[in-house]
Amino acid sequence: MKAMLGALLLVLALGRGAPALAAIEPREFPTPEQDALYHELIDELRCLVCQNQNLAESNAPLARDLRDEIAEMVRAGKGREEVVGFLVARYGDFVLYRPPLRRDTWLLWAGPFLLVGAGLVALAVVLRRRQAASPTAAAPDPEALARARALLRGDRAGGGGDRAP
Amino acid sequence: MRLGAPLRYGLPLLIFAGLAALLWQALGRDPKLVPSPLVGKPAPAFALPSLRDPARVVGTEDMRGRVALLNVWASWCAACRQEHPFLMRLAREGRVSIYGLNYKDRREDALRWLDGLGDPYVWSAHDLEGRVGIDWGVYGVPETFVLDARGIIRYKHVGPLDEKVWRERIAPVLAELSAEAKGAAR
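So the protein sequences, as listed, match chains A and B. Start counting the first sequence at 184; every next residue gets the next number (the working numbering). Start counting the second sequence at 1420; every next residue gets the next number (the working numbering).
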């Protein structure tokens, strides 16, 4: 009984918290392109109050105001660049989840590739060195090879009666 | 060919030390503080009804000509209450003129606040819809902007002002501004 009550409470709690998208108020746009642009923008612009949420997810009053502002600009026929420029001019690059590629951000963009590259180079060096150092990698002695072949052939012919001591 | 011992052990150690230093210095930073792109730029112009007298329009024009603070506040903001006594002291000592931007607040609530706790502001502009706040990049009340005589934003502080913030952050900016003014007058 207790467990059932607990489960019920859990379901209620989850049901209440789950639809984060309910934060978005419905808006209408004259064209489907504008509607798409609006949703694209609020999806990739960051809320300054709840910093790990985008404008679409955030319940913060500022996020709502910024959604209003963006919707108005989109309805007025403003393009993507203009809206993003408007917000960056006021709040800085911080609002962008996708920071621009610039002199002071190139490391941010190139860093992961540089690290992977360095890792690959290190891996190649280590592998080559290991290969050079290991005896198995050396070309097999032709005499031993011939003996091995003979043994294998004999094995097949003789039915494998005798074992090596 | 093997790496020498100094490189074999030194290199990972060096990388570790570098990473540790990088992460350590970032640990002390407050992620809530977002640097404002407005610092060094002319203050975004506004003209809003005054809080006390809605018929009177106040705005950036009134702040020109001398160094000024613009303090963004609201009666619903707990940290504003915390900073308020300090603003009162600043106003009493007359160190700098303080203007207010009352952000997304009901007029009667804001006026009750000023009448009850004291009014440190030359005037407060009433930004009911928060539009001016957006223009100024406001994201967390209280915020305080330092404007120079030409109306350029020279510094922005997010969070309540107090003696420590004043001494460490605002006072140096004001000192620099008054040095600039002296240099220009000479």
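Keep in mind that the hints are not guaranteed to be accurate.
Said to hold, decoys possible - Using C-beta positions, here's what the derived DEER-type ranges look like: (1) V309(A) <-> G1447(B): 36 to 46 Å; (2) L279(A) <-> G1447(B): 19 to 29 Å; (3) D1449(B) <-> G294(A): 20 to 30 Å; (4) L290(A) <-> W1495(B): 34 to 44 Å; (5) P1591(B) <-> R313(A): 21 to 31 Å; (6) R285(A) <-> G1437(B): 20 to 30 Å; (7) L306(A) <-> A1445(B): 24 to 34 Å.
No wet-lab data here; the hints were simulated from the structure. Even glycine gets a Cβ: it sits at the ideal position worked out from N, Cα and C.
Here is what the structure says about each hint:
Between V309(A) and G1447(B) the Cβ separation comes to about 37 Å, which falls inside the hinted range of 36 to 46 Å. A hinted range of 19 to 29 Å holds for the C-beta pair L279(A) and G1447(B), which are about 25 Å apart. Hint check: D1449(B) to G294(A), Cβ distance near 24 Å, so the stated range 20 to 30 Å holds. The hint said 34 to 44 Å for the Cβ distance between L290(A) and W1495(B), and at roughly 41 Å that hint holds.
Judged by the Cβ atoms, the range 21 to 31 Å given for P1591(B) and R313(A) is violated: they are separated by roughly 59 Å. As the Cβ distance of R285(A) to G1437(B) is approximately 24 Å, the hint placing it in 20 to 30 Å holds. Distance hint check: the CB atoms of L306(A) and A1445(B) are about 29 Å apart, consistent with the given range 24 to 34 Å.
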